[in-house]
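Protein chains: 2
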Amino acid sequence: MIFPSDSVGFVTPAKLKFDELLPLASGATLDGFELMVETYGELNASRSNAVLVCHALSGHHHVAGYYKDQMRSEGWWDNLIGPGRPLDTRKFFVIGLNNLGGCHGSTGPRSVNPATKRPWGSEFPVVTVNDWVNAQHLLADRLGIDSFAAVIGGSLGGMQALQWSINFPERVRNVLAIAAAPKLSAENIGFNEVARQAIMTDPEFHGGNFYAHNTIPQRGLRLSRMLGHLTYLSDDLMGEKFGRELTDESGDEYQFGFDVEFEVENYLRHQGDKFAGHFDANTYLLMTKALDYFDPARPFGGDLEDAFRKAKANFFIAAFTSDWRFSPKRSKEIVRALVANRINVSYAEIESSAGHDSFLLPIPRYHALLSNVFSRISV
Amino acid sequence: MIFPSDSVGFVTPAKLKFDELLPLASGATLDGFELMVETYGELNASRSNAVLVCHALSGHHHVAGYYKDQMRSEGWWDNLIGPGRPLDTRKFFVIGLNNLGGCHGSTGPRSVNPATKRPWGSEFPVVTVNDWVNAQHLLADRLGIDSFAAVIGGSLGGMQALQWSINFPERVRNVLAIAAAPKLSAENIGFNEVARQAIMTDPEFHGGNFYAHNTIPQRGLRLSRMLGHLTYLSDDLMGEKFGRELTDESGDEYQFGFDVEFEVENYLRHQGDKFAGHFDANTYLLMTKALDYFDPARPFGGDLEDAFRKAKANFFIAAFTSDWRFSPKRSKEIVRALVANRINVSYAEIESSAGHDSFLLPIPRYHALLSNVFSRISV
Chain A
-8 MIFPSDSVGF VTPAKLKFDE LLPLASGATL DGFELMVETY GELNASRSNA
42 VLVCHALSGH HHVAGYYKDQ MRSEGWWDNL IGPGRPLDTR KFFVIGLNNL
92 GGCHGSTGPR SVNPATKRPW GSEFPVVTVN DWVNAQHLLA DRLGIDSFAA
142 VIGGSLGGMQ ALQWSINFPE RVRNVLAIAA APKLSAENIG FNEVARQAIM
192 TDPEFHGGNF YAHNTIPQRG LRLSRMLGHL TYLSDDLMGE KFGRELTDES
242 GDEYQFGFDV EFEVENYLRH QGDKFAGHFD ANTYLLMTKA LDYFDPARPF
292 GGDLEDAFRK AKANFFIAAF TSDWRFSPKR SKEIVRALVA NRINVSYAEI
342 ESSAGHDSFL LPIPRYHALL SNVFSRISV
Chain B
-8 MIFPSDSVGF VTPAKLKFDE LLPLASGATL DGFELMVETY GELNASRSNA
42 VLVCHALSGH HHVAGYYKDQ MRSEGWWDNL IGPGRPLDTR KFFVIGLNNL
92 GGCHGSTGPR SVNPATKRPW GSEFPVVTVN DWVNAQHLLA DRLGIDSFAA
142 VIGGSLGGMQ ALQWSINFPE RVRNVLAIAA APKLSAENIG FNEVARQAIM
192 TDPEFHGGNF YAHNTIPQRG LRLSRMLGHL TYLSDDLMGE KFGRELTDES
242 GDEYQFGFDV EFEVENYLRH QGDKFAGHFD ANTYLLMTKA LDYFDPARPF
292 GGDLEDAFRK AKANFFIAAF TSDWRFSPKR SKEIVRALVA NRINVSYAEI
342 ESSAGHDSFL LPIPRYHALL SNVFSRISV
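Residue numbers (the numbering used here), protein chains in the order written: chain A, -8 to 370; chain B, -8 to 370.
Just to be clear, a hint being listed does not mean it is correct.
Since the list can't tell identical chains apart, any single copy or any two copies may satisfy a pair.
As the list claims (entries may be wrong) - Within a straight-line C-alpha distance of at most 20 Å, the following computed EDC-like cross-link-like pairs (lysine to aspartate or glutamate) qualify: (1) Lys323 <-> Asp286; (2) Lys320 <-> Glu231; (3) Lys320 <-> Asp227; (4) Lys108 <-> Glu161; (5) Lys303 <-> Glu161; (6) Lys232 <-> Asp286; (7) Lys323 <-> Asp227; (8) Lys8 <-> Asp243; (9) Lys6 <-> Glu161; (10) Lys82 <-> Glu33; (11) Lys323 <-> Asp294; (12) Lys108 <-> Glu25; (13) Lys59 <-> Glu195; (14) Lys59 <-> Glu114; (15) Lys108 <-> Asp10; (16) Lys6 <-> Asp132.
I should point out that these hints are in silico values taken from the structure, not numbers from a laboratory.
Model, not experiment: these values are computed from the prediction.
All chains, please: the whole structure from these sequences, using the hints.
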């Protein structure tokens, strides 16, 4: 395999074991846990060049590079990271991890509950953005990182970056929160709830303990992903991409039946099937709930300005014009709260027809802005 | 029961039997059919004062008034129709019907297929807006109505009104198409497809012949309706109505579980349950497909201007600012095609935070406009 010269190339994940007790927001406590981690670049002698990449709903630790002997194994934010890319691995030591509750190797519903010797399933405690940040904080300790040069994320990942600046103001120098919001709206929660109900009412869900029944709630997961995709894209992009085109099999004529017919149906079914084949249903539920619960202003009587009072990082906030899930309006709420605290913040509203998923794309202006932000960070 | 003085009061539906052969767009032919119909006001001697009200996805013939001995039986567009209301029954004879394929008494999947003596179920042919307009045309003949004073509808109902002006230009003098679009976008089709897949992959669907199994695909219908509701409302309205409020049962604290917790979840589940208890799953599938297929420009090489070439009606087109399902942009496409044909059209963009469902609400400016349009129609 030949890589572009600015790729990080082949990478290998590692599983880190933590013996610490981790008290969670729910009141439950994890008696030790494991995190799947991947790193790119080298930690410098002063350990000042580390950048933490936080993942969104369906993400994981494999952010950049490729796995040996595995086709199509590119990391989910590969276009961002590498020698010469915006998050330049010649300068930075980049860390990706799979969050607690995930299904890519970190402790989560698929893991064995030491107390019962069976998979946690629905017994896995509900985790929050706060809990993740606390676990990431232990990871920083483990790696000897006193202060992150930056914490970056898009969507739910951006929420973790924001929370870092509130919980551990001394330990993060720059926060990049992209396509995020300071809390979900009723409509946002509504879409998550429909997805959850699709999974939880699937007869194969078995109250979350489908592992014991040797099955998965495939129908529910598939519907959740179809719906998710619809909301991550935009009407315009879907218009450009699919319009009202019929599939090749359908020819030029309406079929007057319920088989797949329009290209957009084909695309959504395909995305749903692909996802349902590998993602864990309990993880999906947990991730949506972490989104719903995220509300850093809540402990401050709902005052977001107050929530950022102790934040010290420099902030880069970005949003995309066609993102209707977390629109620019929502990013501006964050910016206003930061400005009110006289915190150093830059905001970019980036033209894109690709909707919420824009944050994953190498849009030239967006990547130029990120390059600029990262080039100004001293390590 | 005491009615407001501008209510049509108690009403009674009627089932009309048609023995005509009705060839459908799909190539199938119905060998006779029945339509449930309701009327308000009196047909005048010249039979020139009839207004046809076409229903949307989940509507039916009971448009206005109340049923005796039935609680909460108000018609779905009652606020529009009555003596002194915008569609004034002292002047007009108003007709509501349940379309073919419906589940409120007209011939549809729940009806007995004369050929098999069993419910049609999934064997009921796919019906289109064109098919409905053809059936409505036979209804007009039956009632001796040569020309409708107006055909009015919102959403899918508006599409039928538009189709009337194209198929039977001599038989409709005014068309009122509200919150409609000249065809669905890829995103629109996508939402319909998720709803269909929710129903069709419900194990209780049994390929559409759930009647024989004495069950209904309740989970799928419930999900479809939850999703529908989300897209009929707007982010702003849901923010005003629910925000991030927790239910009374939840108190002030997060529950860290998957029971209903936010008010918006409560609302959506309730709407879903209510709908799943009475609506027919096969009808839901048929209605979404009629939406997807609607594209009056299609037989004209995609040229909407051409499609309206023979239209003779006056048009009133209206859209609502917060409607993201069929946004004002989509209504303007209709207006442009009409203007290009030098057809008499007025267009109103109405301020409302209530999303697509606005067309059902008695918004003062909206109702004032409708009053004005109807008052100018000579009968």
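Status of the hints after comparison with the structure:
no.: 1; hint: Lys323 <-> Asp286; result: within (16 Å within a copy, 39 Å between copies)
no.: 2; hint: Lys320 <-> Glu231; result: between (25 Å within a copy, 16 Å between copies)
no.: 3; hint: Lys320 <-> Asp227; result: both (19 Å within a copy, 12 Å between copies)
no.: 4; hint: Lys108 <-> Glu161; result: neither (39 Å within a copy, 76 Å between copies)
no.: 5; hint: Lys303 <-> Glu161; result: within (7 Å within a copy, 72 Å between copies)
no.: 6; hint: Lys232 <-> Asp286; result: between (35 Å within a copy, 19 Å between copies)
no.: 7; hint: Lys323 <-> Asp227; result: between (23 Å within a copy, 16 Å between copies)
no.: 8; hint: Lys8 <-> Asp243; result: neither (57 Å within a copy, 36 Å between copies)
no.: 9; hint: Lys6 <-> Glu161; result: neither (27 Å within a copy, 75 Å between copies)
no.: 10; hint: Lys82 <-> Glu33; result: within (8 Å within a copy, 82 Å between copies)
no.: 11; hint: Lys323 <-> Asp294; result: within (15 Å within a copy, 41 Å between copies)
no.: 12; hint: Lys108 <-> Glu25; result: within (16 Å within a copy, 62 Å between copies)
no.: 13; hint: Lys59 <-> Glu195; result: neither (35 Å within a copy, 44 Å between copies)
no.: 14; hint: Lys59 <-> Glu114; result: neither (35 Å within a copy, 51 Å between copies)
no.: 15; hint: Lys108 <-> Asp10; result: within (18 Å within a copy, 69 Å between copies)
no.: 16; hint: Lys6 <-> Asp132; result: within (16 Å within a copy, 76 Å between copies)
Consistency with the previously given hints fails for numbers 4, 8, 9, 13, 14, ordered from lowest to highest.
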